[in-house]
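Trainee: Next come the chains, spelled out residue by residue.
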Amino acid sequence: MKHLKYTISFFLGILLFNITSCDVVEGPYLIDDNTNPVDTNNFVKKVLIEDFTGHRCPNCPAAAEELASLQNFYGDKVIGIAIHPSSTFAIPDPLNSSKFTYDFRTEFGDDIDNIFELTTVGLPRGMVNRTGFDTEHQLGKDEWSSVIQTELAKSPIFGITLSSDVSNGNGTISVTAEALTNINLDKTEEIEDYNIVICLTENGIIEWQKDNTAGDIEEYEHNHVLRTILNTTFGESMGNSFVDGDIWEKDYPVDITTLENANENYSLNTLFMGNGNSKGWDENNMEIVVYIYNTNNYEIVQVEQIHLTNH
Amino acid sequence: MKKNLLLSFIFISPYLLLSQNNLGQINGNFETNLQSYTDDPSIDAIAADEVILNNAYLNILYTKGDFTGGLRYESYLNALQDYDSRYQGNGIPYRFARYTSDGLDVTVGNYYEQFGSGLVLRSYEDKGLGIDNSLDGVRLKYVPINGLYVTGLIGKSRTYFEYSKGIIRGADAEFNINEALKLEGETSYILGGSFVSRFQKDNNPAFNLPENVASMSARLNIMHGGFNYYGEYAYKINDPVGSFSFDENNYSTGKAIVNNLTYSQKGLGITIESHFVDHMEFRSERAKQKEFIINYIPTLSKNHAYTLLALYPCATQPEGEAGFNTNIFYKIPKNTLFGGKYGTKLNLNFARTNSIDGGNSYLNDSSSHTSNPFKSISIKDETLYFSDFNLEINKKINKKVKLNLVLAKQKYNKDVLEGKTIGEYGIISSTIAVADVSYKIKKGHTIRLELQELLSKDDATATNHADGDWHMVLAEYTISPNWFFAIQDMYNYGNYDEEKQLHYVNTSIGFMKGANRFEIGYGKKRAGIFCVGGVCKEVPSSNGFSLNISSNF
Amino acid sequence: MIKKLILSLFVIAFFTVSSFSQNRTLPSVKVKNLKGSLVNIQTIENDGNPIVISFWATWCKPCKKELNTIAEVYEDWQEETGVKLVAISIDDSRSASKVKPYVNSSGWEYEIYLDPNRDLSRSLGVSTVPHTFLLDGKGNIVWEHRGYIEGDEEELLEQIEHISK
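In order, the protein sequences belong to chains A, B and C. Under the numbering used here, think of the first position of the first sequence as 7, with each following residue one higher. Under the numbering used here, think of the first position of the second sequence as 144, with each following residue one higher. Under the numbering used here, think of the first position of the third sequence as 1313, with each following residue one higher.
Simulated from the structure, these hints should not be mistaken for lab results. What you are looking at is a predicted structure, and each value in this text was computed from that prediction instead of being measured. Built from N, CA and C at the ideal position, the CB exists for glycine as well. Watch out, some of these pointers could steer you wrong.
Calculated lysine to any residue pairs in the SDA-like style (CA-CA distance at most 25 Å, straight line) [stated by the list, open to error]:
no.: 1; chain 1: B; residue 1: Lys554; chain 2: A; residue 2: Ile163
no.: 2; chain 1: C; residue 1: Lys1377; chain 2: B; residue 2: Thr526
no.: 3; chain 1: B; residue 1: Lys643; chain 2: A; residue 2: Lys51
no.: 4; chain 1: B; residue 1: Lys299; chain 2: B; residue 2: Arg229
no.: 5; chain 1: B; residue 1: Lys552; chain 2: B; residue 2: Lys583
no.: 6; chain 1: C; residue 1: Lys1377; chain 2: B; residue 2: Lys299
no.: 7; chain 1: C; residue 1: Lys1373; chain 2: C; residue 2: Gly1360
no.: 8; chain 1: C; residue 1: Lys1373; chain 2: B; residue 2: Lys299
no.: 9; chain 1: C; residue 1: Lys1377; chain 2: B; residue 2: Asn351
no.: 10; chain 1: B; residue 1: Lys554; chain 2: B; residue 2: Asn638
no.: 11; chain 1: C; residue 1: Lys1347; chain 2: B; residue 2: Ala199
no.: 12; chain 1: A; residue 1: Lys105; chain 2: B; residue 2: Gly587
no.: 13; chain 1: A; residue 1: Lys83; chain 2: B; residue 2: Ala199
no.: 14; chain 1: C; residue 1: Lys1342; chain 2: B; residue 2: Glu268
no.: 15; chain 1: A; residue 1: Lys51; chain 2: B; residue 2: Lys554
no.: 16; chain 1: B; residue 1: Lys583; chain 2: C; residue 2: Val1385
no.: 17; chain 1: B; residue 1: Lys433; chain 2: B; residue 2: Ala578
no.: 18; chain 1: B; residue 1: Lys542; chain 2: C; residue 2: Asn1352
no.: 19; chain 1: B; residue 1: Lys299; chain 2: A; residue 2: Gly221
no.: 20; chain 1: A; residue 1: Lys256; chain 2: A; residue 2: Thr156
no.: 21; chain 1: C; residue 1: Lys1347; chain 2: B; residue 2: Ile400
no.: 22; chain 1: B; residue 1: Lys583; chain 2: C; residue 2: Ile1356
no.: 23; chain 1: C; residue 1: Lys1373; chain 2: B; residue 2: Lys344
no.: 24; chain 1: C; residue 1: Lys1377; chain 2: B; residue 2: Lys554
On the chain A side, residues computed to face chain B include the following (Cβ under 10 Å) [to be verified]:
no.: 25; residue: Ile37
no.: 26; residue: Ser75
no.: 27; residue: Ile121
no.: 28; residue: Thr141
no.: 29; residue: Gln144
no.: 30; residue: Leu145
no.: 31; residue: Gly175
no.: 32; residue: Asn176
no.: 33; residue: Glu213
no.: 34; residue: Asp217
no.: 35; residue: Glu224
To be clear about the criterion: a stretch of chain A counts as covered by chain B if any three or more of its residues have a C-beta under 8 Å from a C-beta of chain B, and this derived list gives those stretches [to be verified]:
no.: 36; stretch: 106 to 114
no.: 37; stretch: 151 to 162
no.: 38; stretch: 227 to 237
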């Protein structure tokens, strides 16, 4: 019976601790609805959310809404890319209906999904700066915000500056990356490259979308849709060690028609149920998204975005 | 990972050094499920990249007197297609040490625990469903006075090979009045109460989130003669998921009420169960995902064993549901008109679940929600989720022939239960008949035949067609005590899409001897989509060989 | 490194199995009786006669077939060998309330216990039901069998007769 006293105090302790530590929130629930404007004079750490989605995925609009809310709160610091990978949810469905005929899929999105396997876990899912690979990178939408908090607290190691003179489907994108600190100067053995990836996304594509409460929505606005990547899915190397202030720069020619045709070709000739209905890109709604990642662990260390046209 | 190994060593190594006499005992079991996947265009099955997938488990348990230590080695190389792909690789995700001393029962490491019927906490393992949310931490159980059982625990809940972020603290007390007061009367009473709280830091700058979310319940069990009443009430404080979109952060409180009444005497059993649940999914982490669920709300429907009866299975909607489930078991006595020489067993079952009056509670909206659980069990206005009316007749005709018949009428709200778009499939009505006959040829040799038929009617208001009508035939030949051979064919002859009118044929051979069991199978599995907690997972159709081996030592 | 550790751990574990006590007994785990009281499974006894422990569930066809078949001859078995059958239901809270009505309506005379969160079945390595154990008069597990096919009850009887001599 010598344990009796301890045991009872242990149970009482747990019970008391529990009861006194019940956080009933009476409201207001929302602390702060303001967007945080980005200080444009200095480079700040930005975060990329890759939202894996599909037009026939009824739970996916909720994830798109979460992304929009996060962007509304964090402003330019949160950048999104919506990837429609080749799972059932993104496959066009011309046989059964006239609704989901558009093909949002791209070769690049499928390549990314092959590595990160988000479709095998079930959609909607996303990655936040691709952190946590390869066990904790497949995040449900409710897990995004806490990873964003952690990521934004880090200081940036690169700054990216973008400019574009694209108009009427042609032009050049200029990318400049600057090391903001010394990176890997003493690395002698392990090669740890930083790769840079240049993507084009499109906002405001009005097409059908399934939704588990609203049903089949005819005029749903699809945003941040990944259209193409200009320098291959996993980008190109920028090197592995940098001195504070090092500059890396490169220009990329853009020809929208050629890129559109390449995508149509992928849809028509490579994909299950592909129908080539993937065109109609509107350069005025397009964005350039550029990110730099560490090839060792795939983690994205910096990301930047500007409009493709009209500066 | 390394920590786990070290711990297991600490658990195991002392016993290796002990003297030869009274070493204690070691026992355990092993199981492996191997499956090959080949392309089969006829059912849209695609071969797995790995060609062969395997799940394997080894449990080792060491006991010496009041001390028990154990571990489970799990291997997923890679996980079978119907498992979550986050079960990947090898590891020892389960290890524990437990001892009892003067009635104090201490567990350190992983443990499984259930409070009451599980409304506020159930940590359990079901390999068939891919569920394992064991808690890792400390658990104490103690019996301070006769009839009073208390449990206190603290731990983190397992999700695949990781642990979720929330810390779970819980306490439960059960008071058996008859044991405590040494009452010998015909009536007995058991009271119980539980309290569970989850801590997770609020790192959401937009919302004011509760860091400690509590869930509590009280229960009562009264037994009198053949009657048994069990009631439990559970309550959960605000538990928003912590997302950034205002619509998703539901601050409302949760509640659940369970009432079960049963009566039985020799030859007759009656059960009436009902529940009302509203916003009662409790998770180990502030995110709406199935892998974090740590409570359990019993499903109100009969758990069918025949394939076509379980083709459209009911699943509890913990965010809002009311329903009931009644059963009558009756054995028509021997030597009567319908009873025959051996008697006839009947089981009549009626179950129904529907949405709750006024919809699920949601604190951020303005509509009103019912607080009266009884008003919610309404047949008229609420959205139907599932209903099942069935009769099972079990009869031994003579020494050689046994017969089991089931007739059922089911309604299944595919949109709600599978997370589809509302209006896509609507409510599927089906009529199912099953005949199961076994015939004993000679000593130890038995042949069994199952014929099943499912006739289904699509919802006229829905935009899509469901799978339509099915036949199923199963033939099984068994030689006791070692062998069984089975072949079955499921034929979706009534599919609206003629290209999908397919046969799914499966064969299997099993060998059993004592504690070992081997089974080899070959066949096709149909595809399905499973949606839990707002996330959908596709299980693709497949074609291939399977090998299951299980053994105990 | 880690793989080596795991390997060596299992090699050690397997080799030591042989040197441990060969008498396997029931673990010290509590189950519920139909009156709702917790009972340590080690306390079940049968005056030195054999005990059969059968794990079953109300939703399991072969389990019910096994126990219904034995129910017809249970009296004869008891007279002949003094055996007692303990049926442990692994029904969880979804179906646990149907155990007593099912047992009573079927007229089973067995000793019934509930193992709703599978604590006992996990300790005994029961991964599927039915799973039957045979204990000799001293409480040692002398035989076990997975699954049930018609006719298996005869092998069980042979085993009981073998140890009750």
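Trainee: So, against the hints stated earlier in the document, which numbers end up violated here?
Mentor: 1, 2, 3, 5, 6, 7, 8, 9, 11, 12, 13, 15, 17, 18, 19, 20, 22, 23, 24, 27, 31, 32, 33, 35, 36, 38
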